[in-house]
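Novice: So the protein lines, in turn, are chains A and B.
Quick note on my numbering: the first sequence kicks off at 1 and runs consecutively.
Quick note on my numbering: the second sequence kicks off at 1 and runs consecutively.
No lab work stands behind these hints, which were simulated from the structure alone.
One or more of the hints may lead you astray.
Chain A regions said to be covered by chain B (calculated; three or more residues, Cβ under 8 Å) [what the hints assert, rightly or not]:
#, stretch
1, 32-42
2, 100-109
3, 112-124
4, 136-147
5, 309-323
Quick reminder that beta carbons are idealized off the backbone N, C-alpha and C, glycines included.
There are 2 protein chains.
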Amino acid sequence: MTIDETNINSVTSGDIVLTGDRPSGCLHLGHYVGSLRNRVLLQDKCKCYLLVADVQALSANFDHPEEVRKNVIEVCKDYLAVGIDPNKTTIFIQSMIPELTELTIYAMNLISVARLERNPTVKAELQTKSFANNITSGFLNHPVSQMADITMFKATAIPVGEDQLPLLEVSNEIVRRFNSIYKSDVLKECRGILGDVTRLVGIDGKAKASKSLGNAIMLCEEPADLKAKVFSMYTDPNHINVSDPGRVEGNVVFTYLDAFWSDKAELEDLKNQYKKGGLGDVALKSMLHNCLSHILEPIRSKRASVHEKEVLEVLMDGTNEARKVATETLRQVKDAMGLIYQ
Amino acid sequence: MTIDETNINSVTSGDIVLTGDRPSGCLHLGHYVGSLRNRVLLQDKCKCYLLVADVQALSANFDHPEEVRKNVIEVCKDYLAVGIDPNKTTIFIQSMIPELTELTIYAMNLISVARLERNPTVKAELQTKSFANNITSGFLNHPVSQMADITMFKATAIPVGEDQLPLLEVSNEIVRRFNSIYKSDVLKECRGILGDVTRLVGIDGKAKASKSLGNAIMLCEEPADLKAKVFSMYTDPNHINVSDPGRVEGNVVFTYLDAFWSDKAELEDLKNQYKKGGLGDVALKSMLHNCLSHILEPIRSKRASVHEKEVLEVLMDGTNEARKVATETLRQVKDAMGLIYQ
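Okay, chain A solo, but in the shape it has when bound (with noise of 0.2 Å):
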């Protein structure tokens, strides 16, 4: 998911973005296409804050919380590996902000039940019949929770998916209602920015790549493992010798070297050539595999060099910063509900 270049040339250095992922383990190339590619980008554009949402992924893992904490650990060492520069993302917690359930809170007053029961994620959710009476009420708030990361960094710019703008679209609801009952202009509207809705498949060309699955090209892959899971990728069935003609669509080495391999012309030159047969799959693998190696290999290196108490120490200081910030921003908004006793 690539964000659209419109979309990202709208952003100036004015402009303060926030991303977050919620820490259900190891990120993998499907992370890196869709977002963190995107985030280094973006981090020498503006400010930018990036939260790690453990309080969210405890909503779905709430009885497996030791997984969150270790998680969380985990998905920062893959920022740092990336090149999510700490001196200029703002990586926090979110447990760690105490000011973002307050707000929630406070929100939470701005917004029916029946509105958040229209959330497509929601309507969604309780389509699938065993979850239809299950439903938490932390799940049903979710939005009400990111419009407060949101709007406690005030942020103005968030890169999201098409199927988030919903998400926002309620966030910025509950800013217009806040300022306009609190006559105040303390929080902010906020836009997204589109990526591009493709998403990187699994290495079986079923799903889209995930951990769990066991489908995904882990940032931290060993070189082994990646390389026995570049040749064990879904290709074209019916491609069975070298001078067949093979199909590019589905074929999900060209999938992957479509989002990786940055020579554009030379990759349709391999397409045409495949598709009229002489191209054969262990030499485009090879291919695919020497450019993920080559994308792989300084993450997976810069990965291992990280320790727990150098990521910890990161943690902590955007925590410290990103609460300094959420501090004040609440102070005003507590200001603007009358809420200051002193």
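Assemble the complex: chain A is given as a structure, and chain B must be docked to it using the hints.
Specialist: What follows is chain B alone, placed relative to chain A:
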């Protein structure tokens, strides 16, 4: 609503009591007989916390925040005036304990939307057509917020009316779920200390006494207004001459005498005399007026002597004390959830 004797006797020095009010206006005799009087008794039996629920008040008055702040001060003046002793009862402001919002957000992951919608209070609101589609997320989650209020202070005994028992059930459900998932005993279940369900009617005999209906006798009522209100009380419209037999049921003067006249045998004689005829409304109202003056005069004079500065000091001291307890409970909660990073 006097607390049932058996029930109040069950409160021991090992208990922790939590009560609270939404600061929606000055308090009146209904509050006095329903809760304030009992709080004064309870503070000599065990540790008591008294929550001024400004965040909850905001969810009903979110568009009049300035009212909420003003009423926090007024309500606390009433507390001090009736004899709640800040050395025995920790009086604190909800919005100044951010830990409460943190615990609320975590607890929201442990309860389904469907379960919250089965809350009788919410069901009643949902049946009110005008509110059906507008019930806010804040309102739906009141029981969760109340669970946080209760458990944060490890309160074991909660004075309530029978209609509030379902709220305590929700609270205890979340507590059991938390303790079971996180293999913890940090949060404590509580029991309700049930009051007499009779509510003090308004002076018009038509409804519950309420400041907004203008049918309540306020704790800060001026002597002339007190007299005017008592003498305008609804009695028996067919009791025209002193010698006429009169009705005691539905006669507001007797309802108030039942609540405030300490000599129950004497009151029984008065009722019999009234029923037979020979006791006039003016004489009866004079008795009630004297009785209420006797109760309200020291409250009014104490209230007049309490300055806003002193009230704020009491609130800040109480809030600081409550916050220390909340900080420690939340540390234990986060520790149980594995959310400690340092």
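Novice: Each hint: holds or not?
Specialist: Going through the hints against the structure:
By the rule of at least three residues with a Cβ nearer than 8 Å to a Cβ of chain B, the coverage given for the stretch 32-42 of chain A is violated, with 0 such residues. As drawn, the stretch 100-109 of chain A meets chain B at 7 residues by the rule of a beta-carbon pair under 8 Å; at three or more, the given contact holds. Using a Cβ-Cβ cut-off of 8 Å, 4 residues of the stretch 112-124 of chain A lie near chain B, which meets the minimum of three, so the contact claim holds. Counting residues of the stretch 136-147 of chain A whose CB lies closer than 8 Å to any CB of chain B gives 8, so the stated coverage by that chain holds, three being the minimum.
Only residues whose C-beta sits within less than 8 Å of a C-beta in chain B count toward coverage, and the stretch 309-323 of chain A has 3 of them, enough to reach three; the restraint holds.
Checked against the numbered hints above, the structure breaks only hint 1 and satisfies the rest.
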